[in-house]
Amino acid sequence: MIEPIVSFHDVHKSFGDVKVLKGIDLDIRPAEKVAIIGPSGSGKTTIIRMLMTLEEPTSGDIIVNGTNLWKMEKKGKLVRANEKHLRAVRGDIGMVFQHFNLFPHMTILENCMTAPLHVKKEGKEAVKQRSLEMLERVGLSDKVDQYPSQLSGGQKQRVAMARALVMRPKIMLFDEVTSALDPELVAEVLQVIRDIAKNDDMAMILVTHEMDFALDIADKVLFLDEGVIAEQGTAREVIEHSNNERLQEFLHRFRA
Amino acid sequence: MSNWSWEVVAEAFPKIIDGLGITLGLTLACYGFALAFGFIWLFMRKIPIRPLRWLITWVMEFIRSTPPLVQLFFIYFAWPMVPVIGFTLNGFTSAILGLGIHFSTYIAEVYRSGIEGVGKGQWEAAKSLNFSKRQKWTKIILPQAIPPTIPMLGNYFIIMFKEVPLASTIGVAGILHIANSYGAENWTYLEPLTIVAILFLALSYPSAIIINRLEKKWNRRFDKKEALTRSKGATA
Ligand SMILES: Nc1ncnc2c1ncn2[C@@H]1O[C@H](COP(=O)(O)OP(=O)(O)OP(=O)(O)O)[C@@H](O)[C@H]1O
Ligand SMILES: [Mg+2]
Numbered sequence: 001m002i003e004p005i006v007s008f009h010d011v012h013k014s015f016g017d018v019k020v021l022k023g024i025d026l027d028i029r030p031a032e033k034v035a036i037i038g039p040s041g042s043g044k045t046t047i048i049r050m051l052m053t054l055e056e057p058t059s060g061d062i063i064v065n066g067t068n069l070w071k072m073e074k075k076g077k078l079v080r081a082n083e084k085h086l087r088a089v090r091g092d093i094g095m096v097f098q099h100f101n102l103f104p105h106m107t108i109l110e111n112c113m114t115a116p117l118h119v120k121k122e123g124k125e126a127v128k129q130r131s132l133e134m135l136e137r138v139g140l141s142d143k144v145d146q147y148p149s150q151l152s153g154g155q156k157q158r159v160a161m162a163r164a165l166v167m168r169p170k171i172m173l174f175d176e177v178t179s180a181l182d183p184e185l186v187a188e189v190l191q192v193i194r195d196i197a198k199n200d201d202m203a204m205i206l207v208t209h210e211m212d213f214a215l216d217i218a219d220k221v222l223f224l225d226e227g228v229i230a231e232q233g234t235a236r237e238v239i240e241h242s243n244n245e246r247l248q249e250f251l252h253r254f255r256a
Numbered sequence: 001m002s003n004w005s006w007e008v009v010a011e012a013f014p015k016i017i018d019g020l021g022i023t024l025g026l027t028l029a030c031y032g033f034a035l036a037f038g039f040i041w042l043f044m045r046k047i048p049i050r051p052l053r054w055l056i057t058w059v060m061e062f063i064r065s066t067p068p069l070v071q072l073f074f075i076y077f078a079w080p081m082v083p084v085i086g087f088t089l090n091g092f093t094s095a096i097l098g099l100g101i102h103f104s105t106y107i108a109e110v111y112r113s114g115i116e117g118v119g120k121g122q123w124e125a126a127k128s129l130n131f132s133k134r135q136k137w138t139k140i141i142l143p144q145a146i147p148p149t150i151p152m153l154g155n156y157f158i159i160m161f162k163e164v165p166l167a168s169t170i171g172v173a174g175i176l177h178i179a180n181s182y183g184a185e186n187w188t189y190l191e192p193l194t195i196v197a198i199l200f201l202a203l204s205y206p207s208a209i210i211i212n213r214l215e216k217k218w219n220r221r222f223d224k225k226e227a228l229t230r231s232k233g234a235t236a
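Top to bottom, those sequences are chains A and B.
Quick note, the first sequence lines up with residues 1 to 256 if you use full-length UniProt numbering.
Quick note, the second sequence lines up with residues 1 to 236 if you use full-length UniProt numbering.
Isolated chain A, as found in the complex (with noise of 0.2 Å):
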């Protein structure tokens, strides 16, 4: 049995009296691709926002490659963890939001360096070196010296795919990272998505309506639906064959 890089015990989430996620158990292996998919508003982004820390779960337990992130041991017991412990376990996981993100003041390039030189104080030749690289294997190699600004939506999210990579995290987020761009941007950036999914061994979540996309690359597909989830399996299994009614009806509302 392999370890799992990412588990979930029972989590749930409320905002206020609103229970958005209500007992989430999920176990993710390393290098596997996880793709989550369900109605607006069943708790998605907030399933890998909880991740990210940038959300704190209400109750439960989220474990990070043997560490639970949320909480710390303080004189024997449990508490809530503190910003220099999220600091630690935060190190392994990437994220990739919707709305890109980039740093409007800062060239590609630098959008690319600045954390490995500045968080992981990395020396610069070789962190330059990574960050060509990597801008070269999302296809933007002549944009280096550009603005954020100055690209298009979709190279603006290939930007935002490669300063997550050159961070080397073991665990990569994307949430619906297509779904702020035009329609005609979306291939290259699912293209991109597509070529780390098989060739990087990093677990990675994508929050995703492209359903056709989820079948191609994910080991296993989460319906998620209402704040519990609703079916799991092998991508066949849960888009082709589930006969989860609530499930069918989604899907068939993707599909029309």
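The hints are simulated quantities; they were obtained by calculation from the structure and are not laboratory data.
Predicted, not measured: the structure shown is a model, and the values here were computed from it.
C-beta: ideal position from N, C-alpha, C; glycine also.
Incorrect hints may have been included.
[Unchecked claim] Derived Cβ-Cβ restraints for the label pairs, each shown as a range:
no., chain 1, residue 1, chain 2, residue 2, range
1, B, Pro51, A, Asn199, 21 to 29 Å
2, A, Glu73, B, Phe43, 28 to 36 Å
3, B, Ile49, A, Glu226, 35 to 43 Å
4, A, Glu133, B, Arg213, 33 to 41 Å
5, A, Asp219, B, Asn212, 56 to 64 Å
6, A, Asn65, B, Lys217, 40 to 48 Å
7, B, Lys216, A, Gln129, 33 to 41 Å
8, B, Asn212, A, Ser141, 45 to 53 Å
9, A, Glu73, B, Met44, 57 to 65 Å
The hints should help you fit chain B with the ligands onto chain A, whose structure is shown.
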């Protein structure tokens, strides 16, 4: 009534120019003080004790709603009479404190608007890349928050320059003070005060142009599209 006399101009001008150093020096000192103290307000307002935060907000509001002249007089004339903690300050120092603190409350608002203008998505991206708290501010937030505030900060510089003559009321010998004394001694105010007005114009107008240039230079990198994406943030 006297008529305009170029002789008086020729005599008064060099004397008034002598005070220019003080007027400009005081402007810069007050401005520097206000820029620095603006940051202090910003941090004080983040103190995690609520009653203390209310107190700070109230004090800022109080300072803003009181005329700067009253504050100057208080620091110069009244502060030395406060038991135990009071002590005498010279005119120049009183002016720096009085005007500096007064304007720092406005500068603090400018800083706040600059920081709030940086979208939530930037904070989240910085966190996802594991920046420390300090690095988040120095590498990501401030470099974006400061440029849009430059025109406002520049305006306050010019406004402050025009308020600095208030210090003549507590004996700081800037250009207005000298012109006024000259007028009193020679029974002619027209020429010296005209000179003062022209000097102020000659200095504030180019400052406005410089600020305009700075603004254009800083904002060239940011375009509207990007600002829009930033303000939409990363929710959903
Ligand atoms: N910061 C917040 N404060 C209050 N409510 C929130 C917050 N973030 C999310 N919610 C609510 O939690 C629920 C789940 O949100 P979430 O963004 O996780 O859904 P989602 O499955 O990603 O939906 P979508 O497909 O529309 O992105 C929604 O009802 C949303 O309004
Ligand atoms: Mg979402």
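Determine whether the Cβ-Cβ distance between A/Glu73 and B/Phe43 falls within the hinted range of 28 to 36 Å.
-> Once the Cβ atoms are compared, 32 Å apart, the range 28 to 36 Å for B/Phe43 and A/Glu73 holds.
Do A/Glu133 and B/Arg213 keep their Cβ atoms within the hinted range of 33 to 41 Å?
-> holds, 40 Å
Is the gap between the beta carbons of B/Ile49 and A/Glu226 within 35 to 43 Å?
-> Hint holds: Cβ distance 40 Å, inside 35 to 43 Å.
Are A/Asp219 and B/Asn212 spaced within 56 to 64 Å by their CB atoms?
-> holds, 58 Å
Take the C-beta atom of B/Asn212 and the C-beta atom of A/Ser141, compute their distance, and say whether it sits inside 45 to 53 Å.
-> About 38 Å separates the Cβ atoms of B/Asn212 and A/Ser141, which means 45 to 53 Å is violated.
Look at the Cβ atoms of A/Asn65 and B/Lys217 and judge whether their distance stays inside 40 to 48 Å.
-> Distance hint for A/Asn65, B/Lys217 holds at roughly 46 Å.
May I ask you to test the hint 33 to 41 Å on the CB atoms belonging to B/Lys216 and A/Gln129?
-> For B/Lys216 and A/Gln129 the Cβ distance comes to about 36 Å; the hint holds.
Between B/Pro51 and A/Asn199, does the beta-carbon spacing fit 21 to 29 Å?
-> Because 57 Å falls outside the window, the suggested range is violated.
Mind checking the hinted window 57 to 65 Å against the Cβ distance between A/Glu73 and B/Met44?
-> Violated - the Cβ-Cβ distance for A/Glu73 and B/Met44, about 35 Å, lies outside 57 to 65 Å.
Violated hints, listed in ascending order, are 1, 8, 9; each of the other numbered hints is respected by the structure.
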